[in-house]
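Please model the entire structure based on the sequences and the hints provided.
Quick note on numbering: the sequence shown equals residues 1408 to 1787 in this note's numbering.
Don't read these hints as lab results, they were simulated from the structure. Keep in mind that this is a model prediction, so the values were computed, not measured. Keep in mind that a hint or two might mislead.
Here are the simulated DSS-like pairs of lysine-lysine, each with C-alpha atoms no more than 25 Å apart in a straight line [as the list claims (entries may be wrong)]:
| # | residue 1 | residue 2 |
| --- | --- | --- |
| 1 | K1485 | K1455 |
| 2 | K1455 | K1494 |
| 3 | K1425 | K1550 |
| 4 | K1485 | K1550 |
Label-pair distances were calculated between CB atoms; the ranges are [what the hints assert, rightly or not]:
| # | residue 1 | residue 2 | range |
| --- | --- | --- | --- |
| 5 | Q1616 | D1510 | 16 to 24 Å |
| 6 | A1777 | V1674 | 43 to 51 Å |
| 7 | L1534 | G1785 | 46 to 54 Å |
Even for Gly, the Cβ is constructed at its ideal location relative to N, Cα and C.
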Amino acid sequence: MGMVQGAVYDAVNAITPKHHRPYLLNRRFGNTASDDAAVATAAFLVLKNIVEAVPQSITFPTRGALLTSLETQYNASKNAIPDSPFKNMGIAAGTAAAQAMIDARQGDGRFGPTQWVPSSAPGHWSLLPGQANDPTPWVGGVKPFLMESSSQFRSAGPPALTSQQWANDFNEVKAKGRATGSTRTDEQTYIAKWWQSNPVVSWNDVARQLIARNHLDAADSALLLGMQNLVAADAAINTWNDKYHFDFWRPWNAIARASEDGNPATVADDPNWTALITAPYPDHVSGHLGLDSSHTGVLRMFFGDAPAGGYQITSASALLTASDPKTRSFTGFNQAVNEIVEARIWAGLHFRTADVQAVTLGTNVANFAAANYFEPVGNH
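Given below as structure tokens:
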């Protein structure tokens, strides 16, 4: 999403008088060029390259079908635009923006080696028996899009195992996050499962809702989506870098081994404790909340914390039952992020510190981007 929307931003930005500092494409095209042609071309060429660049060593049985589908969708978009010099200029702008992104991301660390150094010492994460490992352990080593390094916004880190903060975090998730017999309410269980949905999908959908409602033009829409997804990509990189830097154990590791943490306020009296939801990578910091806070950090810059009319999110969580409501409404961005902090604890996935520090990390990435990129330079 960062690569695609970054290229789309550059393509539209290159053909509008109301332009901002480009991300990569330092060229201008005629302002009569077709926005639709520029957007479709930039998106298609970057997506095509992403699919083609997946190494052959990674199983990808749908690669050919996906490339065909992309080609079909691009042709449909392109054929809907009347032939004209303006269409051709739009295609040229989209092609240039896509190529700039493709060139910039060569050798960027995608699909590289894992950053995990396993340790059996107390406080370190380990897989559950039979659990498949992290499918993308290389994310924290990818070259950032906007940040100066993949660890620029390193979080403060998990609490010392002998501290009261650690005991508080431990006992909270032990009580609230277990699969059965927890202190959660039925509504909290539903919310924990409801948020087990892709935040990149959710927040881009929210952006599209607010773009339509506020009648943003192509330039502002491309700016919002480009900024939002480049920021979120960097937040993902920094959160994954943090995960393998701290290698902090998950609740199901810590609760089973509480007698080893040196803290008298944590007790290993529940050997059968299991979380409502599990994940195959370390606890600190929360990747979900790093994405939520980075996306909403940008959305807040455009629409304020409480956009008029609110917004809706439809969950695609596979954990919901047929009778569970899939769509929920929110009035503000802080409202949602604060709920997710609790939801990840109710799920037994994270300790509170991992959630709270992830929010700070994602917000810092958004603020850094706004202060150092995307400044207006054209006719505003």
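May I ask you to test the hint 16 to 24 Å on the CB atoms belonging to Q1616 and D1510? Distance hint for Q1616, D1510 is violated at roughly 33 Å.
Distance restraint hint 46 to 54 Å, applied to the beta-carbon atoms of L1534 and G1785: Check passed, 51 Å falls within 46 to 54 Å.
For the pair supplied as a hint, K1425 and K1550, confirm whether the alpha-carbon distance does not exceed 25 Å. Cα-Cα ~30 Å, so violated.
Would you mind confirming whether the straight-line C-alpha gap from K1485 to K1455 stays at or under 25 Å? At roughly 16 Å apart (the allowed maximum being 25 Å), K1455 and K1485 satisfy the hint.
Pair hint K1455 and K1494, alpha-carbon separation not exceeding 25 Å: Roughly 21 Å between the alpha carbons, so the hint for K1455 and K1494 holds.
Is the Cα-Cα distance between K1485 and K1550 25 Å or less? violated, 32 Å
43 to 51 Å as the expected CB spacing between V1674 and A1777, which holds or is violated: The hinted range 43 to 51 Å holds for A1777 and V1674, with Cβ atoms some 46 Å apart.
The structure does not agree with the numbered hints 3, 4, 5 stated previously, though it agrees with the rest.
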